[in-house]
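Engineer: Quick mapping for you: the protein sequence lines, in order, are chains A and B.
Number 409 marks the last residue of the first sequence (my numbering); no jumps.
Number 1118 marks the last residue of the second sequence (my numbering); no jumps.
Accuracy of the hints is not assured; some may be wrong.
Below are the DMTMM-like pairs computed for lysine to aspartate or glutamate, each with C-alpha atoms no more than 20 Å apart in a straight line [unchecked claim]: (1) Lys209(A) x Asp274(A); (2) Lys1108(B) x Asp22(A); (3) Lys1067(B) x Glu1012(B); (4) Lys1100(B) x Asp22(A); (5) Lys1108(B) x Glu23(A).
Keep in mind the hints are simulated off the structure, nothing from the lab.
What follows is the residue order along each chain.
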Amino acid sequence: MPPKNQTQRIDELLGGVTEELLLGNPQQFEDNSIRVERLLLEMVRPDPVQPRRVLPEQLHFAFHSNRLTPTQALKELVQLVQVAARQRGRPFNNVLELLPNPDDESDEDQSVHLSPEEQLLYDLVNLAITIRDDGQVNPLTVVDVSQGVTQQFRIETGERRYWATWLLRDFIAGYNSDGMIPCIIIPIERSSVFRQAKENTARSGLSAIAMARQAALLVLTVHGYEIPSHAVSNDFYRQSLELDLRGKREYTEAVLSAMGGIDKGRFRQYKSLLQLSDEALEIADRHAIDEFRLRPVLQLPYDVQTEMVQQIIQFNLTGRQVQEICERGLREDDNEHTETSSPQVKRFVKSMKAINSNDEEDFVRGLISEEKTATMARARIDTTIEFLMRVKSRLTGE
Amino acid sequence: MTRVFVFTNHKGGVGKSTSATNTALGIAGMLRRAGAPNSRVLLIDTDSQAHATLVTTGKKDYGTDDSLYTVLMADRQNAAQTLLNCIVQSTWDTDLHVLPASPMLEGAERELMGIAGAPYRLADPLSRIINRYAAIVIDTRPSFSLMTEMGLIAATDAIVPVEPRYLETVGLMSVIGKINDIREGWRQPNLRVSGILVTKMNTRIRGHNHLLDELKTHSVLGKLLLGVVPANEAVSYAHQNHQSIFNYDSKASASKAYAQFVGKLVQRIAKGGA
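Same shape as in the complex, but just chain A (with noise of 0.2 Å):
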């Protein structure tokens, strides 16, 4: 690099002729408008940290250390769901195999049950044969963040176009494309977590748990900390478990907005999401389970929550009965450990610790307006004073 001085020659010189030639029209370059261009698919990527993963998570954050290319990633997406395939009886080796044969009517009522990787399989095929067939008719928004020589843009909505458009590019035999994707750049000095999000939740389809790392975003931003640029683990989300809107009160109403216009107590409900185990997050976001189902797991001790996130997926619970079924476990769980005493006990020795000498008269009223007559009530207190004094009787002893 030249050094400061030689620098200024320079700037003074060229400033000199760049006035000159400008004059008059000193804004014919201030062009900081979003811009609709083809970008080379290579230039492109998929942003590390949005909320709505794409990808399964071993593949997301394979591909995103870079230890796949867009194409390994892919292909290594394309062998679990051929496992998953065989082992449901439908094996296939090509992916085209995946869609419906136009031809073959007898499968027309038949409803198949495909795995989330079988459907994220199916999605991008189908994506991908609509992009052949009609070309990309929404372009991608991206953020432009080249440095230096390396051209970079992080895709901010529609991750599933741009591994839509890989697999037509490898794995779509007889296609020829230019290898560029339409996209609309954002100058990275408009993109923000804000903006992400709005995206995100105006569209359908977000998971809960996606919705949960939204939030997370959102309060971890507002709270002034860094959003990395690579993968991030769930423990990066959960650090907003600790925090929240309260102490930023000028901050609220944007991030209610940009998650789609909840109040505050969803908010709660969807960031709380966030303390269920690594396990039962990532099979929750894959089946996309909605958060009420999810909302009662989060009482279960850790290692049992993937267990019932499984269970709620195996007998497609409703969540009443996620409810019930973690209540009873819990107070089974109760059980086993210590021997509880019956409600009207435990109310009995409660008002116990409550009642004090000013609530005399209180009693008096109340004990014979249960009981009806003052004798009634005078028998009551001495069957009462008994049964205490047994009780007193055996505490001593232990």
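Start from chain A and add chain B according to the hints.
Structural biologist: Showing chain B alone in chain A's frame:
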């Protein structure tokens, strides 16, 4: 549309590399000063002597896997990505990027000869990343070889640097005719002869003045004259020290002439017109 300026003349020593390198730096600097949203400029060195590469990057030992040679030899599908991977940052300015030349380019011409689509091996991948740059400057070798044709096919504006002693109308017209042949032959309607840059002008030599006056009054060539760079020792010393003329001596008459010339190109970039 990003303008691609190619500096070409089949005569050697007329200042192609010096003009290409200083112009590329000048455009980047001037666009930045003008507040342009994108001031990145890519300099592509297609000359196997790699002078432009050496002065702008400080090294010339680029080879089979990090130079223009790599791009030309890459699979068609991967060529654009290879191009991106081979681009390096100039030591002159952060906004000046360089696609380095390599002595291997000499052999590349032979290797590519007869391969279908060979003349488009630069234009094709370049067209996929072109929007990333505000302007592209291509330095060519002193001959109308395959490599020069590749540069011209990828370009929008051909600029002919010429020494006054070669300013005869006939000679210049032959260069322009050759560029037109490529434009017509390869169906490149975007390519046009955009200007003539007179270099090494010595006003004390009567012949120089005479030939320059003749050029100015010529009905076609006169309109193409974009700048006159005086013969100046600073230019040679700057080149020798691997510095730009603006860095070496910003007050030198050649620096001012190049700045004026660059100004005219930037005006075209800004207006997007002729």
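Engineer: The structure should be examined with respect to each hint, and the outcome stated for every one.
Structural biologist: Quick rundown of the hints versus the structure:
no., hint, verdict
1, Lys209(A) x Asp274(A), "holds (15 Å)"
2, Lys1108(B) x Asp22(A), "holds (17 Å)"
3, Lys1067(B) x Glu1012(B), "holds (16 Å)"
4, Lys1100(B) x Asp22(A), "holds (12 Å)"
5, Lys1108(B) x Glu23(A), "holds (17 Å)"
Hint violations for this structure: none, all hints satisfied.
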